[in-house]
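Asker: Chain A is fixed; fit chain B onto it per the hints.
The chain contents come next:
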Amino acid sequence: MSLTTKRIIVASLSFFFLAALLVVAFQESKRLRVEEREEPVITAANRGCVECHSKDSPALVMEWERSGHAQYGVGCVDCHAAESTDPDAWQHEGVWVSPLVTPKDCAQCHAREYEEFSKSHHAKAGQILASLDNVLAEKVAGMPGNNADAVNGCWQCHGTIVKFMRDKDGNILKTGKENKPVIDPTTWPNSGMGRMNPDGSQGSCHACHSRHAFEAKLSRSPENCGKCHMGPDHPQIEIYNESKHGIAFYANRDIMALDKQGEWVLGRDYSAAPTCATCHISSYMTPQGATVENSHDVGERISWTLRPAISTKLNLVIYEDGYKEDYPDTRAAPKVGEEIERTEKVVENETLVSKKVKGKVAEVITWEERRKKMKGACLNCHNDTYVDNFYKQFDDLVTLYNEKFAKPSTKMINDLIADGVLSKNAPFEHPVQWTYWELWHHEGRRARHGASMMGPDYTHWHGMYEVSKHYYMKFLPEVVEAAATKGIAMKQKYERIVGQLLAQDEHIWMKGLSAKEAEELRKMYQSRYNQ
Amino acid sequence: MPEGVASEKKGFFNRIEALFPFDWDLLRHAGAEPVPYHLKKWWFCLGGTPMYLFVVQVITGIALTFYYVPSPAEAYHSVFVITHDIRFGWFLRSIHKWSANLMIISVFLHLLRVYFTGAYRHPRELNWVFGFALLGATLAFGFTGYSLVYEQLSFWGATVATNLADAVPFVGSYISYFMRGGPEVGEQTLTRFFIFHIGVLPTLVFFLLALHIVLVRLHGVTELHFEGEVVEKEHRFFRFWPEHATTEILIGVLLMYLLTILSLIWPAQLGAPANPNVTPEHIKPEWYFYFSFRLLKLTSLKVSVVLTGAIMGIAMFWPFIESWLKRKFGMSERLSIFIGIFAFLGFLVLTVWESFAH
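One line per chain: the protein sequences are A and B, in this order. According to our numbering, the stretch in the first sequence is residues 1 to 531, in order. According to our numbering, the stretch in the second sequence is residues 1 to 358, in order.
One chain only, chain A, in its complex shape (with noise of 0.2 Å):
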């Protein structure tokens, strides 16, 4: 074979090199834009509204399309097209379209999450509007025709009923060129949890999901369940920080997986710390190797409520029909089968109404098998003592706090009314009414979430030291106050019911330490403080 032959091979193989080289790097970089953005899928019926919004609302789109949505082409008429006949629709650009994108529209594709959802104490959180919290905004802090402290504060956490303005005969008002309807501004926008949707669904995915790019690493992260789980009355996400959980969460933020796609399993995805969406409503790996589905009904592994003054365990009843509805253990639970009538609260007419509905009882979880499915997370990390322990504590301060704080106080504030010191519709004429909610809504609930979320100074110092503090100095005399303005008689009936409380034996405290007490506490500041 001639030199010239072989130089030609070399040549053309070479060339081939070149060649193969070229599209290997084509498919490289091809491949490094596909995992650093997606390029987004703009279906036909999409392709309108990208053209105008991303001239419009350019920020919006740019969201959308970094959104995994967009890459699998569900873009803005998915969510947002409407029927004709739906009252809040409007042929925009000659599309029937919705501002409101309701749990319904993304039952779509996400069914099994709806249906979770739609049956969890998220989606009811709007029906707090009819509760003393609401008295507070709406009567307390507002006044008549300006309800902004409703609005701008309950209503952003717990949804409202999105409500329509209209003319004298109660039809909906229409603006504009294409006759756009015309939302109640005091109602919309609202991304509350529990939002009442005109097409009677009840709940908002955006409330956690947050439009337009719906990030997963979002909604795990504990600072997107803090926008409405924190404050004086339930600081959920400040207990969370204080909390070895959340310590260790801050540190490993980025070895969390926040972002993965699909399922995100503790003790498979990662370890480094719970978030809240851990232990609530998401997926981990049980002792055997199995998964836990996870679930959007968020109270589904709750086995305490430690929202009402007196706190009680909750078993769960589920219908026939899926409703879901908590029975404290206080209250005998049906038999499975039995059909019984449930109240349930829907929006008609633009109003929140109670409703009795007959259903079979299908199935009844117990507070125990709830707490089971939380125990599962812990064991994760801890062992069967550890947890069993951690219950116990916890347990045990919820108890001291009925037992001692709740309970009596409780006791006292309905036989004020029933003496008719107290009117049960003045909630907060008298400063012992004030008194008394504070100490379970505010300072007895920091207590309880607490304890549940290993969070010590909100156990104690914000928990049960206001608590203690407040019961003694305040609320006792605040009783004997109020009966006083119903007649020395009253005065004198109320001041022996708290003379006989204070005599018993976890209150003696009051009447001074023992010799031997005194002295062993003189001691300790002594040798602590050298003082």
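These aren't lab readings, by the way, just hints derived from the structure by calculation. Treat the hints loosely; a few may be bogus.
Stated by the list, open to error - So the derived list for chain B, only partly shown, Cβ under 8 Å to chain A, looks like this:
{"id": "1", "residue": "65"}
{"id": "2", "residue": "108"}
{"id": "3", "residue": "226"}
{"id": "4", "residue": "287"}
{"id": "5", "residue": "333"}
{"id": "6", "residue": "344"}
{"id": "7", "residue": "345"}
{"id": "8", "residue": "352"}
No residue lacks a Cβ here, since even glycine has one placed at the ideal position from N, Cα and C.
Answerer: For chain B alone, kept in the frame of chain A given last:
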């Protein structure tokens, strides 16, 4: 030049030489290699390219080592700092990356030229073996270097590669344990790869290169003749210094241009940081391992590892195998060339095929 200056210069070098009692004439003789005429054509000068790029790698590599921290907690961050904060850090890193790729490409091209011109044949068999060992070392450089970046893909690339090593018959588990410094890719692995990348491999390559060049010098460069080309006897060879050396320097300058252009247009990127908890959807090694990765997907872990090992072994000792086949079965030179074409095209097909796969 005035005579006085020249003699003074000569005197100066003489004095320097006197400080080292060494046979300097031997060195002069070694440098005065007669270079065959065909090396006037620049495409025969590619053997020097990998060596030039190796020097570039050593220089940029030392500079990068000033800032790189070989610990799992710090590695990615230090590469991030090199890329984004250190002045010219991105440039050094890009040059290092491109130079690595060009080094591998040029080694392949050099190998093609040597193979198809039959320059590996007797008496130069051993130098082919050294050359092939240099190819292996270059690939090992690429692999360990890429792993040091400690981004998601490089971390998982290392995991896959050590799993591959695990599949080597009999000794696989020992090799993979040695590479990882434990049963899994972890803290020890990065340190080991770092030591290999900046210590063991450079030393190995230095000695292999020295042997390679010494053998070239001892055997002389294979003389090649194009048919019909008449070269007068006195022109059959030319001097290494300065004629050939200047060609090499010119190639070096052009390579520096090429590296700079590539680094400016496609600077080295940095992916997501390594996360041992999250397996990325697509794991891929660097392109030069695509063929092996494709083989793995086409066969099984064990078969592909054994097959790759067998192919590499045959290629490395081909000069001996070929001469044995020639003696035993009278194999023609033409068949050797066809085997070469088939093998290289096979390598290319597997590489391109893998690039299309997800």
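Asker: When the nearest CB of chain A is found for residue 287 of chain B, is that gap smaller than 8 Å?
Answerer: holds (5 Å)
Asker: Does the interface hint hold: is residue 344 of chain B within less than 8 Å of chain A, judged Cβ to Cβ?
Answerer: For residue 344 of chain B, the interface hint holds, since the closest Cβ of chain A sits about 5 Å away, which is under 8 Å.
Asker: If you take the shortest Cβ to Cβ gap from residue 352 of chain B to chain A, is it below 8 Å?
Answerer: holds (5 Å)
Asker: Less than 8 Å between beta-carbons is the criterion; does residue 226 of chain B satisfy it with respect to chain A?
Answerer: Holds - the Cβ of residue 226 of chain B comes within 8 Å of chain A, reaching about 5 Å at its closest.
Asker: Does the interface hint hold: is residue 65 of chain B within less than 8 Å of chain A, judged Cβ to Cβ?
Answerer: This hint is violated: residue 65 of chain B lies away from chain A, its Cβ roughly 25 Å from the closest one there, beyond 8 Å.
Asker: Any CB of chain A closer than 8 Å to the CB of residue 345 of chain B?
Answerer: holds (7 Å)
Asker: Does the closest beta carbon of chain A sit nearer than 8 Å to the beta carbon of residue 333 of chain B?
Answerer: Holds, about 6 Å.
Asker: Under 8 Å is the threshold here; is the Cβ of residue 108 of chain B close enough to any Cβ of chain A for the hint to stand?
Answerer: holds (7 Å)
In this structure, the one hint that does not hold is number 1.
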